[in-house]
Amino acid sequence: MSDAITAERAAPEPLLSASAVYDDTSHGGAIASARAFTADFLATAPSSTSRPVAQERVELAQLVVSELVTNAVRHAAGPCRLLLELHRDTLEISVFDGEAAAPVPRGHDPRRIGQHGVEIVLAVCESLSVEPAPEGKRVRARLSLLPGYGAKPGDRSPR
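Quick note: the sequence shown uses my numbering, first residue 201, plus one each step.
Some clues are possibly wrong.
Ranges between beta-carbon positions, derived for each pair [said to hold, decoys possible]: (1) ASP289 / ALA239: 15 to 21 Å; (2) SER250 / PRO279: 31 to 37 Å; (3) ARG288 / SER329: 18 to 24 Å; (4) ALA301 / SER250: 21 to 27 Å; (5) PRO347 / ALA236: 20 to 26 Å; (6) VAL304 / ALA277: 15 to 21 Å; (7) GLU335 / ARG251: 36 to 42 Å; (8) GLU256 / GLU335: 24 to 30 Å; (9) LEU346 / ARG311: 16 to 22 Å; (10) ARG251 / ARG311: 40 to 46 Å; (11) LEU216 / ARG311: 23 to 29 Å; (12) ASP240 / GLY278: 22 to 28 Å.
Derived from the structure by calculation, the hints contain no laboratory data. Using N, Cα and C, we set each Cβ at its ideal position, and we do this for glycine too.
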């Protein structure tokens with residue numbers, strides 16, 4: 201995947217979806233709650249997809265949710281909304297917030313402390329897009345739920 205945020209095509213209707221709004225974004229509790237919400241949501245996946253989601257994919261989904269919700273908490277005033285949409289082999293993760301400015305992927309800099317969230321999401325997801333929303337923006341990431349997706353030959357970890 202490139203370091204650019206890519207445009208998205210409309211996805212088919214999800215098999216399952218759920219959303220949560222986090223009003224108290226000042227204490228970081230939103231991030232932990234969003235991670236737990238994601239794990240609980242994916243635990244219900246077998247009822248919609250006929251197979252459980254691999255633990256490595258659940259953990260990557262939680263990582264992506266953490267990064268996107270963290271950006272919303274740090275850079276946008278007011279509540280944020282997390283929307284999870286389960287498709288056959290993918291999870292679409294959307295975070296809506298009140299800031300119109302898009303997150304900016306930065307180049308690799310091992311000396312920089314923090315501010316690697318967009319880089320992480322780009323590295324593990326199939327795609328990332330930012331869309332204007334009525335009161336801010338929607339940041340949408342698409343994560344494959346196929347075990348080992350993105351792993352390099354001989355590498356047992358995701359990309």
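To see whether the hints hold, each was checked on the structure:
For ASP289 and ALA239, the hinted distance range of 15 to 21 Å is satisfied, since their beta carbons lie about 19 Å from each other. Between SER250 and PRO279, the C-beta spacing of about 35 Å keeps the proposed range 31 to 37 Å intact. Between ARG288 and SER329 the beta carbon distance is about 20 Å. The supplied range of 18 to 24 Å therefore holds. Under the hint 21 to 27 Å, the C-beta atoms of ALA301 and SER250, about 41 Å apart, miss the expected range.
About 22 Å separates the C-beta atoms of PRO347 and ALA236, a value consistent with the hinted range of 20 to 26 Å. For the pair VAL304 and ALA277, the beta carbons lie near 19 Å from each other, so the given range of 15 to 21 Å is met. Separation of GLU335 from ARG251 is about 37 Å and conforms to the stated range, judged on CB atoms against 36 to 42 Å. Distance hint for GLU256 and GLU335: a CB-CB separation of about 35 Å, inconsistent with the stated range 24 to 30 Å.
The beta-carbon spacing between LEU346 and ARG311, approximately 35 Å, falls outside the hinted interval of 16 to 22 Å. For ARG251 and ARG311, the Cβ-Cβ distance of about 42 Å falls inside the hinted range of 40 to 46 Å, so the restraint holds. The hint said 23 to 29 Å for the Cβ distance between LEU216 and ARG311, and at roughly 42 Å that hint is violated. Here the CB-CB span from ASP240 to GLY278 is close to 25 Å, well matched to the stated 22 to 28 Å.
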